[in-house]
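Given chain A's structure and the hints, the job is docking chain B onto it.
Quick mapping for you: the protein sequence lines, in order, are chains A and B. To convert, note that position 26 of the first sequence is 26 in our numbering; the numbers rise steadily by one, no gaps. To convert, note that position 140 of the second sequence is 140 in our numbering; the numbers rise steadily by one, no gaps.
Do not take every clue at face value.
Stated by the list, open to error - No more than 20 Å apart at the CA atoms, straight line, and that leaves these computed lysine to any residue pairs for SDA-like:
(1) Lys86/A - Arg144/B
(2) Lys74/A - Asp137/B
(3) Lys93/B - Tyr253/B
(4) Lys86/B - His133/A
(5) Lys93/B - Lys250/B
(6) Lys86/B - Gln109/A
(7) Lys74/B - Val134/A
(8) Lys5/A - Gly188/B
(9) Lys175/B - His202/B
(10) Lys93/B - Met67/B
(11) Lys86/A - Lys93/B
(12) Lys86/A - Ile121/B
(13) Lys93/A - Arg135/B
(14) Lys189/B - Arg144/B
(15) Lys175/B - Pro123/B
(16) Lys96/A - Glu32/A
(17) Lys198/A - Asp137/B
(18) Lys250/A - Lys108/B
(19) Lys37/A - Arg51/A
(20) Lys189/A - Phe192/B
To be clear, the hints were calculated from the coordinates, so they are not data collected in a lab. Please read these numbers as outputs of a predicted model, since none were measured by experiment.
Protein chains: 2
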Amino acid sequence: MQRWKLTIEYDGTPFLGWQRQHKGLTIQKTLEEAIEKFSHEKDILVQGSGRTDAGVHAVGQVAHVDMAKDFTEKEMRDATNHHTGKLPIVVLKAEKVSDAFHARYDAKQRYYRYRITYDRISPPMLDEMRAWHVRFDLDVDAMREGAKHLIGHHDFSSFRDAECQANSPMKTLDKIEIHEYIDPLRPGKQLFVDVEAKSFLHHQVRNIVGSLKRVGDGRWQPAMIRQVLEARDRCAADMNAPAHGLYFVKVDY
Amino acid sequence: MQRWKLTIEYDGTPFLGWQRQHKGLTIQKTLEEAIEKFSHEKDILVQGSGRTDAGVHAVGQVAHVDMAKDFTEKEMRDATNHHTGKLPIVVLKAEKVSDAFHARYDAKQRYYRYRITYDRISPPMLDEMRAWHVRFDLDVDAMREGAKHLIGHHDFSSFRDAECQANSPMKTLDKIEIHEYIDPLRPGKQLFVDVEAKSFLHHQVRNIVGSLKRVGDGRWQPAMIRQVLEARDRCAADMNAPAHGLYFVKVDY
Numbered sequence: 001m002q003r004w005k006l007t008i009e010y011d012g013t014p015f016l017g018w019q020r021q022h023k024g025l026t027i028q029k030t031l032e033e034a035i036e037k038f039s040h041e042k043d044i045l046v047q048g049s050g051r052t053d054a055g056v057h058a059v060g061q062v063a064h065v066d067m068a069k070d071f072t073e074k075e076m077r078d079a080t081n082h083h084t085g086k087l088p089i090v091v092l093k094a095e096k097v098s099d100a101f102h103a104r105y106d107a108k109q110r111y112y113r114y115r116i117t118y119d120r121i122s123p124p125m126l127d128e129m130r131a132w133h134v135r136f137d138l139d140v141d142a143m144r145e146g147a148k149h150l151i152g153h154h155d156f157s158s159f160r161d162a163e164c165q166a167n168s169p170m171k172t173l174d175k176i177e178i179h180e181y182i183d184p185l186r187p188g189k190q191l192f193v194d195v196e197a198k199s200f201l202h203h204q205v206r207n208i209v210g211s212l213k214r215v216g217d218g219r220w221q222p223a224m225i226r227q228v229l230e231a232r233d234r235c236a237a238d239m240n241a242p243a244h245g246l247y248f249v250k251v252d253y
Numbered sequence: 001m002q003r004w005k006l007t008i009e010y011d012g013t014p015f016l017g018w019q020r021q022h023k024g025l026t027i028q029k030t031l032e033e034a035i036e037k038f039s040h041e042k043d044i045l046v047q048g049s050g051r052t053d054a055g056v057h058a059v060g061q062v063a064h065v066d067m068a069k070d071f072t073e074k075e076m077r078d079a080t081n082h083h084t085g086k087l088p089i090v091v092l093k094a095e096k097v098s099d100a101f102h103a104r105y106d107a108k109q110r111y112y113r114y115r116i117t118y119d120r121i122s123p124p125m126l127d128e129m130r131a132w133h134v135r136f137d138l139d140v141d142a143m144r145e146g147a148k149h150l151i152g153h154h155d156f157s158s159f160r161d162a163e164c165q166a167n168s169p170m171k172t173l174d175k176i177e178i179h180e181y182i183d184p185l186r187p188g189k190q191l192f193v194d195v196e197a198k199s200f201l202h203h204q205v206r207n208i209v210g211s212l213k214r215v216g217d218g219r220w221q222p223a224m225i226r227q228v229l230e231a232r233d234r235c236a237a238d239m240n241a242p243a244h245g246l247y248f249v250k251v252d253y
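Next comes chain A alone, as it looks inside the complex (with noise of 0.2 Å):
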């Protein structure tokens, strides 16, 4: 058996989220059954390094997958998008690795990118499902300020999920930075949140991206961030930004 790491893109949009299920369309059965068309070995496992909800996007997430025959990389990754058809997936990179290659297990640290396209009344006819549209402008300085209390070892809970199902809400934020960017392309403004952690709780990043518009819209003070942090309470927060603004870019492994 030859085990192959994959560097995967994909637009979220159509897909009910990474994970395999008994019915309906997801990516990691998208690609199962891809590499299942081409290399006609059965039962093949494409396992990814996280889970992404429905609707969210990746245009660096990993997996690792075996397999019996040998391919060269380029066939391995030009066979798989040939066979994926009219989906929007891709894989980027096709890479054969050792044996001991784990896709979730090894990864090191994990980045994510929210976007928000804002102050602009008219919905964004060119980022449809790309980007959470907010009509308004947001204190962008604010949300900075918020955003610190959340850098470094936390208990989360306030920002996790009813379903998530980690043995621990505490983790390590090492980084979360707010960019605006302005692109002549987007009329409007534009802002990035970055953040970065080795892991994450389900919903975290969109939680805690939702609690920060709260702040720059004025309806909470950027130490709010550190009340609702401390108050362990996933009713504290409770504001799940939309899937569809949110990118899972990379892992370092």
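Relative to chain A, chain B alone:
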């Protein structure tokens, strides 16, 4: 009658272009019908600052329209947007202007941006129909050197479509700049070709970009751009970059 200036954004993908045609979906027709629906006025004529081809996008197209009834600027914008329904067109801004204003004849300067995503083998899943996908790397400095030959007042016959209806092939290209742009959300590389002129010939921007790409991929030396320009023959360039990479950015009045 009240004359209105509309600033418009659209995803060009589903449209046959700006101009109303006997059959088929166009941007002009979509706007006219939306305005007719909410205002109950007849024979509404929306006059654009310039036509865009099928598939070309806009983030700052400008048009004018005359209305008998009185509306607020907010009503005019939001009602039009409501009645374009699911089609990817929005009015970003609706402003009352004097009867003397003409979207086409009063335009002082027009700005286009062309987007290329390059140096990535797999097609872009999050930029489908939003950028020209070039699989290999491009020599951007060579493209910049080639582009310099186009600045100024020239006979642009070589970069003109056979169906172009302009009286003269003489145009003044005031600016052409190529920006490289690194974006974590876009694996591979990206570049923008920004051009600026009072007016353009039909397909002029796309023909220029198509020729510059031949310089970028090494098939042409930069000086070839001058030779093509001097040939004053549309067969000399004859490489139209795809419509879906082109964005009509703004108009100055």
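Comparing the hints with the structure gives:
For the hint linking Lys86/A to Arg144/B, the alpha-carbon distance of about 36 Å lies beyond 20 Å, and the restraint is violated. Of the supplied pair hints, the one linking Lys74/A and Asp137/B holds, its CA atoms being roughly 18 Å apart against a limit of 20 Å. For the given pair, Lys93/B sits about 15 Å from Tyr253/B by alpha-carbon distance, which is consistent with the 20 Å threshold. Taken as a hint, the Lys86/B and His133/A pair is honoured in the structure, with Cα atoms around 16 Å apart against an allowance of 20 Å.
About 13 Å separates the Cα atoms of Lys93/B and Lys250/B, which keeps this hinted pair within 20 Å; it holds. For the hint linking Lys86/B to Gln109/A, the alpha-carbon distance of about 40 Å lies beyond 20 Å, and the restraint is violated. For the hint linking Lys74/B to Val134/A, the alpha-carbon distance of about 18 Å falls within 20 Å, and the restraint holds. Using a Cα cut-off of 20 Å, the hinted pair Lys5/A and Gly188/B holds, with the two alpha carbons roughly 18 Å apart.
This hinted pair checks out: Lys175/B and His202/B have alpha carbons roughly 18 Å apart, not beyond 20 Å. With a C-alpha separation of about 16 Å, the suggested pairing of Lys93/B with Met67/B holds against the 20 Å cut-off. For a cut-off of 20 Å, the pair hint linking Lys86/A to Lys93/B is broken: about 36 Å separates their Cα positions. Restraint check: the Cα-Cα separation between Lys86/A and Ile121/B comes to about 17 Å, which is no more than 20 Å; the hinted pair holds.
About 14 Å separates the Cα atoms of Lys93/A and Arg135/B, which keeps this hinted pair within 20 Å; it holds. Between Lys189/B and Arg144/B, the direct Cα distance comes to roughly 16 Å. Compliance with the 20 Å bound is thereby established for this hinted pair. A hinted pair counts as satisfied when its Cα atoms are at most 20 Å apart, and Lys175/B with Pro123/B does not qualify at roughly 30 Å. Simply put, Lys96/A and Glu32/A have alpha-carbon atoms about 17 Å apart, close enough for the 20 Å limit, and the pair holds.
Under the criterion of a C-alpha separation no larger than 20 Å, the hint pairing Lys198/A with Asp137/B is inconsistent with the structure, at around 33 Å. Of the pairs offered as hints, the one joining Lys250/A and Lys108/B is violated, with about 45 Å between alpha carbons and a cut-off of 20 Å exceeded. Of the supplied pair hints, the one linking Lys37/A and Arg51/A is violated, its CA atoms being roughly 23 Å apart against a limit of 20 Å. As the CA atoms of Lys189/A and Phe192/B are separated by approximately 19 Å, the hinted pair is consistent with the 20 Å bound.
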